[in-house]
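Undergrad: Okay, here's what each chain looks like letter by letter:
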Amino acid sequence: MSGGQMSDGQMSGGEKFDLTAGAAYAAGPPQTVRAILWRRFLRHRLAVASLIVLALLVLAALAAPLAEAAFGLDATRVSLLERFQPPSARHWLGTDELGRDLLLRLLYGGRVSLLVGLAAAFCAALIGTALGLLAGYYGGTLDALLMRLADGVIALPLLPLLIVLAAVDLTKLGLPAALATSEDVSFYRIVILISIVGWTTVARLVRGATLTMRTREFVRAAEALGARAPRIMLVHILPNVVSPIIVATTLSAGGIILLESVLSFLGLGIQPPIASWGNMLTGAQELIWSDPALAVWPGLLIFVTVIAFNFLGDGLQDALDPRAIQE
Amino acid sequence: MTRYILQRLVESAVVLLIMSFVIYGLIGLMPGDPIDLMVSADPDLTPADAERLRALYGLDRPILERYLNWLGAALSGDIGYSRIHARPVMAVLLPALANTVWLMGLSFALALAIALPAGILAALRPRSAVDNAINLLAFAGISIPPFWLAILLIILFAVILGWLPAGGMGGGGLGSAIAHLALPVATLTLVTVGGIVRFVRAAMMEALRQDYVRTAQAKGLSARQVVLGHALRNAMIPVVTVLALNFGTLFSGALITETMFGWLGMGKTIYDAIMGNDFNLALVGLLFATLTTLLANLAADVTYAWLDPRISYK
Chain A
1196 MSGGQMSDGQ
1206 MSGGEKFDLT
1216 AGAAYAAGPP
1226 QTVRAILWRR
1236 FLRHRLAVAS
1246 LIVLALLVLA
1256 ALAAPLAEAA
1266 FGLDATRVSL
1276 LERFQPPSAR
1286 HWLGTDELGR
1296 DLLLRLLYGG
1306 RVSLLVGLAA
1316 AFCAALIGTA
1326 LGLLAGYYGG
1336 TLDALLMRLA
1346 DGVIALPLLP
1356 LLIVLAAVDL
1366 TKLGLPAALA
1376 TSEDVSFYRI
1386 VILISIVGWT
1396 TVARLVRGAT
1406 LTMRTREFVR
1416 AAEALGARAP
1426 RIMLVHILPN
1436 VVSPIIVATT
1446 LSAGGIILLE
1456 SVLSFLGLGI
1466 QPPIASWGNM
1476 LTGAQELIWS
1486 DPALAVWPGL
1496 LIFVTVIAFN
1506 FLGDGLQDAL
1516 DPRAIQE
Chain B
114 MTRYILQRLV
124 ESAVVLLIMS
134 FVIYGLIGLM
144 PGDPIDLMVS
154 ADPDLTPADA
164 ERLRALYGLD
174 RPILERYLNW
184 LGAALSGDIG
194 YSRIHARPVM
204 AVLLPALANT
214 VWLMGLSFAL
224 ALAIALPAGI
234 LAALRPRSAV
244 DNAINLLAFA
254 GISIPPFWLA
264 ILLIILFAVI
274 LGWLPAGGMG
284 GGGLGSAIAH
294 LALPVATLTL
304 VTVGGIVRFV
314 RAAMMEALRQ
324 DYVRTAQAKG
334 LSARQVVLGH
344 ALRNAMIPVV
354 TVLALNFGTL
364 FSGALITETM
374 FGWLGMGKTI
384 YDAIMGNDFN
394 LALVGLLFAT
404 LTTLLANLAA
414 DVTYAWLDPR
424 ISYK
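So the protein lines, in turn, are chains A and B.
Numbering-wise (this note's numbering), the first sequence opens with residue 1196 and increments by one.
Numbering-wise (this note's numbering), the second sequence opens with residue 114 and increments by one.
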């Protein structure tokens, strides 16, 4: 696929006219599209702050083993003599109901929560992009069918259905028992479950963008030159619908982290002893009378992460929206 | 119009039928089966007895056959008993439905009462301090984990201040009912209102850009008449649709809220049924929730067609 590489110029080839036709073009020295977009993004202060917050959270989560070594603690060690300790020099945020260090658990939980969020958002975006391209390019019955499917997925009472899906016994589906009961399986299961229901936003946006792209001259020209459908979709249309994919994926990452936390909280997502911000709150409801701090920290981190993804998505949307560029 | 509604009803029935098979299949894939539960309750049952019971109740038949049997019985009005509650499924679900209607209805009304003025205000002055503040709060509402919000409210109002009960249904009396509803309604309202504000704001901004708004201003109508009489009426068309389409989301929010506060609604009943291996109650409860959602969507489409004269019913 020699032409498949997405260079800068090609990436926004379709939008180039829109972008440079406005005030930006008259500004004087030649500017790349990327520079214009970057400046527009920087104007959105909340989005920039969110990007920094998210970067810090990812770094902190990655540094979990380092912190563990620095404190000389073991995040998984249960110590019944050290339960509910208040914050101290040794335990910065105190200890939980099993005497484990809360800060380290939060860092390790962050690894899982962020990884689930990013992995599921990526898978959902992949499914959504594929279905959106197909629906927008082929139109007709396929389009109607896929969009009705998307409507249906959005309209259904998703949470109860996800709870049933999460409760499904994998051995009854023919998975070997050793695999179905292994610790990691709850991670893959939740990523798959969320991808199955999370693809709709991306699919709709990609479909809409594809519909307008397929009537453009360069697509017509490629068709006239005899390019086949897969090549047109992947090489000519896909690079031009990257903006909505990025925006929708960022926005959906927040919702996905929220959904993971709900399912894990209800005991159906990430299974203990693996920590996630959601399942750290599972027991917190009983503990609010004795140690409310245990209930506050994990939720605060979920909240901050989700709102940061939402602000970031909002900022990207403003920056990448070609209609707004001429303001 | 009648023909359109009839057509949509038939479509909804088909979707419900498909969903009933999907849910029936999923429930069958949950760990254990009713005979396992009998075995664990009665140590005298031998594995051979269990097999005989499975054959007796038809649990060894292929899934399609079992589904068709269940469907036939359900259509003739026999939807069975709940294992946990030891009562007919309908006797469990109907009171739960009433409780959920109270919770969702109050929260939805409250959310609308907040979101409409807030959304309009934000749309009238885009990028102003007011708009930014409303936007920030709306994003906070969308991003907060509902179960965590519930925990925070319990900590504040039940643990620290001691003003309100931390959960439960309350025993009779209007005052007790209000006290027990206050925190669940507050939780569900706060997690719902942000999304509605964003919809109203977007729809109003779109409507305010239209030519008929300029015309209305040009012919000398007051700002109030222009905003409420012309822009808002048109902005409500997409808003109503989106709201009805979000019924499923509201129901998901209600499930979490009910579970957190021990409010005996549909969401908590379904959750408890799934977690407690009450297969029959879970199955019927899920179908009930699906049916309600489908009807809400149908109502949305009909309202949309009714509100917007440009839409034909084909």
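The hints are simulated quantities; they were obtained by calculation from the structure and are not laboratory data.
Idealized CB from N, CA, C, for every residue including glycine.
Don't take each hint at face value.
Sample of chain A residues lacking proximity to chain B, with all beta carbon distances greater than 12 Å (derived) [said to hold, decoys possible]:
1. Arg1235
2. Leu1254
3. Pro1260
4. Phe1266
5. Pro1281
6. Ala1325
7. Ile1358
8. Arg1423
9. Ile1440
10. Ser1456
11. Trp1472
12. Thr1477
13. Val1501
Quick list of simulated restraints, FRET-style, between CB atoms [what the hints assert, rightly or not]:
14. B:Ile118 / A:Leu1337: 46 to 54 Å
15. B:Gly171 / A:Val1380: 40 to 48 Å
16. B:Gly190 / A:Asp1346: 29 to 37 Å
17. B:Val415 / A:Ala1339: 16 to 24 Å
18. A:Val1499 / B:Arg322: 33 to 41 Å
Undergrad: What hints, given by number in increasing order, does this structure fail?
TA: 7, 10, 11, 12, 13, 14 and 15
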